[in-house]
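Student: If you want the building blocks of each chain, they are given just below.
Number of protein chains: 2
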Amino acid sequence: MNWGAIDRYAKSLIKEAGHKIRISFFSTIDVDSKAEANDLVTNIDREIERFFISRIKRDFPEHRIFGEEGFGDEIESLDGVIWMLDPIDGTMNFVHQKRNFAISLGIYADGIGMLGYIYDVMNDDFYHAFKDEGAYFNDERLPVLQETPLAEAVIGVNASWVAPNRRIENGPIADMVRHCRGTRSYGSAAIELAYVSSGRIDAYLSLRLSPWDIAGGMVIAQEVGAVTTNLKGEQPHLLGQDTFIVARPGLHDEILRNYIKLK
Amino acid sequence: MNWGAIDRYAKSLIKEAGHKIRISFFSTIDVDSKAEANDLVTNIDREIERFFISRIKRDFPEHRIFGEEGFGDEIESLDGVIWMLDPIDGTMNFVHQKRNFAISLGIYADGIGMLGYIYDVMNDDFYHAFKDEGAYFNDERLPVLQETPLAEAVIGVNASWVAPNRRIENGPIADMVRHCRGTRSYGSAAIELAYVSSGRIDAYLSLRLSPWDIAGGMVIAQEVGAVTTNLKGEQPHLLGQDTFIVARPGLHDEILRNYIKLK
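From first to last, the protein sequence lines are chains A and B. For the first sequence, counting from 1, position 142 maps to 142 in the numbering used here; every step adds exactly one. For the second sequence, counting from 1, position 261 maps to 1261 in the numbering used here; every step adds exactly one.
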């Protein structure tokens, strides 16, 4: 397998998709009603998915594609090469904000993450990693993350997990919120993974994510020494939904040990 | 008073300050230790404040300046012209992320907001408004906001207000989180005010803000029909800290009536 060639291909494909999205936004500027605008935005979403899948199918017919919208393949095992793709991660941001969403792609071989990409389209911020060869933010090599205690950490966690919910005890999560330096919520798992990997926040957790939300970001996170597991401390499930945490080393243990009580 | 001239002056001053911040970041790239990097960042913060104050004092000696760091004036009344300035709103983002912070400025005459500016420095996103003459995002006029029910609204609220705290009953806030479409938290009151004014989120609330955090954003919000009050539904206090909410019309009432119980 020529991973270097696949890497160059994937980068080019993602950049082209990002360009298509930005162009589409310009052509919808004149739409008056919000309902119409939302329809157009949803159409862009579908077009971008079809663009990715037709290209990958044409140029890598032996590879499989695992993604949100069901245009890809039925995936029941991690054998072979799988492109785990979310063409637009952060759909609510995409619709409401037309920014703060990302293209997320992880390319896995027999379950092992080889290549990872997160493209924050409107900011033109490109994060990528090649297994064992490091992670990059645009052209800048991302340094390996140091340990940070919770008291100095900024945590990506949505308010919905601090409110009573059916997945996790919210009391300990509220304690975590009080004991850390601050919390943020950006509404895109891919962008929050990219933020942890580039040291802008120190951890991110969610109670329900799909493989294509985290597949690209996990490859990047691993190259900078961030720890990625589900909230039981196991490898995240890559064939279906699971809980998820990514954090600096040390902080990952501190959060799991003291603040996570799954229902 | 030539408000057009003051407007042009303020815009130019803010852009120059933003440029200084970006240049300073480039010159600190080579600093190795995180502690040293944080010191340098804090020094930039102080330098920018002094830059603003020296210029305003020189060119508008009869105006007063009300800001975070105490280099400005002691303000005990809203008489005359007051520049309400936060040179770096979102300090934690500034230190941890070197992005997602803003320069926030409101220029008030006898307590009435005449000019408002929010500059998201690293994204080069400039929001501004002139009383009764509309609000702008970069060169684009911002449309007047329509009503949105809570069930379709994205709310800016930090997780710390959903956890038990000494300022507000967190039960009703948790209900609000469950009943809305989603929540976000960006860590800069100015940016969240700019996001509400440009329709990217639908409301933002906080339990403790200072006048310089909200003064610029309030002028912008008013020009697009967003409602700004404290959490008692009164005009926010502009001489000291207060609670705060900005929201689309309708949504503002819905949140205050059903979900806010101050302690």
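In short, the hints are calculated from the structure, not lab data. Remember, it's a predicted structure, so these values are computed and weren't measured experimentally. A couple of the hints might just be wrong.
[To be verified] Just the calculated beta-carbon pair ranges, DEER-fashion:
#1 1175/B <-> 5/A: 47 to 57 Å
#2 1139/B <-> 74/A: 20 to 30 Å
#3 1151/B <-> 178/A: 26 to 36 Å
#4 175/A <-> 1258/B: 37 to 47 Å
[As the list claims (entries may be wrong)] With a straight-line cut-off of 30 Å between C-alpha atoms, the simulated BS3-like cross-links for lysine-lysine are:
#5 1057/B <-> 1232/B
#6 1131/B <-> 11/A
#7 232/A <-> 263/A
#8 20/A <-> 1098/B
For each residue, glycine too, the CB sits at the ideal point set by N, CA and C.
Student: Any of the earlier hints contradicted here, and which numbers?
Tutor: Those not satisfied are hints 2, 4, 5 and 6.
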